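K.L.:
Bring the two chains, given one by one in their own frames, into a single complex with the hints.
If you want the building blocks of each chain, they are given just below.
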Amino acid sequence: MHRTIAIALLLAACLFAAATAPAAEAPTRDEYVERLEAICKPDALATQKAMKGARGDIRAERFAVAAGKFAAATAIFSGNVKEISAKPRPAADGERLRKWFTYLKRQEAYLGQVTEQLRQEHPTKALRLIQRFIHTGNLANNVVLAFGFNWCSFEFSRYG
Amino acid sequence: MRRLLVALVVLAGMTAATAYGERAQRGDLIVTLNGGFAPQKLPRDRPAPVSVRLEAALQSSDGTTLPRVTRVELGLPGQGLITTRGLPTCTARRLRDTTSARALEVCRSALIGSGRMSAQVKLPHQPAFAVHARLLAFNGRVRGHRAVFVHGTSGQPPATVVLPFLIHLRPGKFGTVLAADLSPTLGPWPRFARFEMDLFRRYGFRGQRLSYISASCPVSKRIGLGVFSFAKATFALADGRRISKGIARSCYVR
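Here the protein sequences come in this chain order: A and B. The numbering of the first sequence is the working numbering, which starts it at 1 and goes up by one. The numbering of the second sequence is the working numbering, which starts it at 1 and goes up by one.
The following block holds chain B by itself, in its conformation from the complex (with noise of 0.2 Å):
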């Protein structure tokens, strides 16, 4: 049996960022984003294993109803890289309405991160009111891109979603895009208010261990530390509106 392992990473060396994370308010909405990256000392020429964490939050600054999010999109800096060769694949089809468990029964060689979400459910004549999920991130193609399959499920109100992240490449500082869209068929969970996601996977292929994702350093020989524009959230609301927030963080040479 292969063996496998997803870790949660404790990510200590991520104080670079305040505790609340950086935030931004456009009208009456406030984006809050907040992450970091494990081990922060890599090497400058060549990518090393990482694990990824990134929280983002979207509130209202008098307390009112969340809009619905149509669109989510999460940049990574060009200098990460994003392995699939020899990663199993998970399907959409085989995570809709499974519980956690049963998604990692089905799809655990596919597992690569974990999370959580908090998302404001609003029904008519009554007050919005909070659910809280587990996430599972799976590795997974659509229509031939490579893609994030990001699996939900809370237990009250019990229910499961699924979201494919697309990964597109770009020029530009933020050259990886996860990107989904929200459909209103997703009921209840466009009006997020919260996730917290963690992606690291190491993995062996032809006899070599590969890593989810990778980064270096790639500053000149004579400094020892770089900074960067590390993450940046971007949020498309039904009403129309766009508001982003991107974080910068340093990496040490070692």
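Excised from the complex, chain A in its bound form (with noise of 0.2 Å):
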């Protein structure tokens, strides 16, 4: 009887300790924003090394040279909202950051869609894209305004 309730015992506390396991590894709000801006520090600062002047080869029909800025953006934005997306989110924010990447997934392929478009020298659906960038960012903003992000919100004037 002892052993049965032992064994008992030992099994609840095995599955307490599954159960409870992945939300002891989610890491605080404050600790989610320190890793995320240490990763998004260093691909925002790429980004506006890597977009300078991009608005202005638009302005000056340079369709070509823009793209090839905006293709080396969109890498930079796709690698690090893959980076981000991996790591593991506090608990309580789950649906939160859940629409805020599929924010960020839209600005991805809006800035694909940029890319695109300059390279067919198509101006000015180019620029009708960078609107909807820009408005997506807005939105992904708006959604994890609590988290206090400085590199990893969204800032128009980092893009040229």
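To be clear, the hints were calculated from the coordinates, so they are not data collected in a lab. Warning: the hint list may mix true and false statements.
So the derived list for chain A, only partly shown, Cβ under 8 Å to chain B, looks like this [as the list claims (entries may be wrong)]: (1) E25; (2) P27; (3) T28; (4) A60; (5) V65; (6) Q120; (7) P123; (8) N138; (9) F156.
In this text, all values refer to a predicted model and were calculated from it rather than measured experimentally. Cβ atoms here follow ideal geometry from the backbone N, Cα and C, with glycine treated the same way.
P.N.:
See below:
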């Protein structure tokens, strides 16, 4: 009898430990922000460097040059989203972050489409996509406003 | 009598912005910036008269009293042009301790805009309360620099403030910067929560019709649309923090 109770308790303890293990691994929001900011900062700076003068290139009809810059920015953005989306998320912010990553993926798609339109020398279509890219970025920022991101938040001024 | 017209322009074309503006949060402080210009359709090769609207707000995420603001900077893009040639100026001395009506009486010829402001008043041993003020903007000069004197008056409690914004021209995306240092002697005003301001003025000078603010949409002939960094608001706080937000807008070629 005692042995059965002991085994039952042990099993219950194991089950409890298994159930709570992922939660224990989940970071707090502050830890999460710190981890992501460390990833986003070099990427944001690299984006700024890659995109320097891109809007001037579009204005001056240097579409191929601008496309190259947008392609570089797209690669940085995609790599960044992939890296940060793999990080464990605060348990209480799951839904909010899911929404944020949806917007980021949408932005990533727009950047790719801007690059493509510039390659095909369709500047007006590219600019309309840039407008959507900005709008989606602002929506993304609003979702995670309370996180107080700096480098992981969207800033259009970093894009040329 | 010179015909002077200052208008609050219906900014119907500004819907590119979200209803509440773009926001950023640092710590417990949230900054919001919204605004635009009208008309959005502009010539590509020469500046045309425009009105500019800016709305900025500060709020704390937890509802606590706002920190005192020590400096405000409003950056506008280099493709915008501020013209003051031939425009009368006003002085801070003439505006000090005046009501809005009196300020208009003495400086109407220098009027370049108007707006509203809300601030928090924090008195010792009392919960903070809000004041609402009417704003008027006048063309002026401070130590030889072009400036905008923002005159604010509130009815309850009755108070007047005159803030000089100096106009600086700098290289970079925001080539025109309006900057004001807010001294602690301003009393409750530096804990401001929100302001909105419309700047627009057409005037005549030596037979020419001029505009206080003009802008073009400098894009190539093949492109009918431009997207650019439109404005940036930066607030420096008494506790050493700085918080800023930039917004982008579009122009169309007419």
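K.L.:
Each of the hints needs a verdict: does it hold here or not?
P.N.:
Status of the hints after comparison with the structure:
{"no.": "1", "hint": "E25", "in the structure": "violated (27 Å)"}
{"no.": "2", "hint": "P27", "in the structure": "violated (19 Å)"}
{"no.": "3", "hint": "T28", "in the structure": "violated (16 Å)"}
{"no.": "4", "hint": "A60", "in the structure": "holds (7 Å)"}
{"no.": "5", "hint": "V65", "in the structure": "violated (14 Å)"}
{"no.": "6", "hint": "Q120", "in the structure": "violated (13 Å)"}
{"no.": "7", "hint": "P123", "in the structure": "holds (5 Å)"}
{"no.": "8", "hint": "N138", "in the structure": "holds (5 Å)"}
{"no.": "9", "hint": "F156", "in the structure": "holds (4 Å)"}
In this structure, the earlier hints numbered 1, 2, 3, 5, 6 are contradicted, and the remaining ones agree with it.
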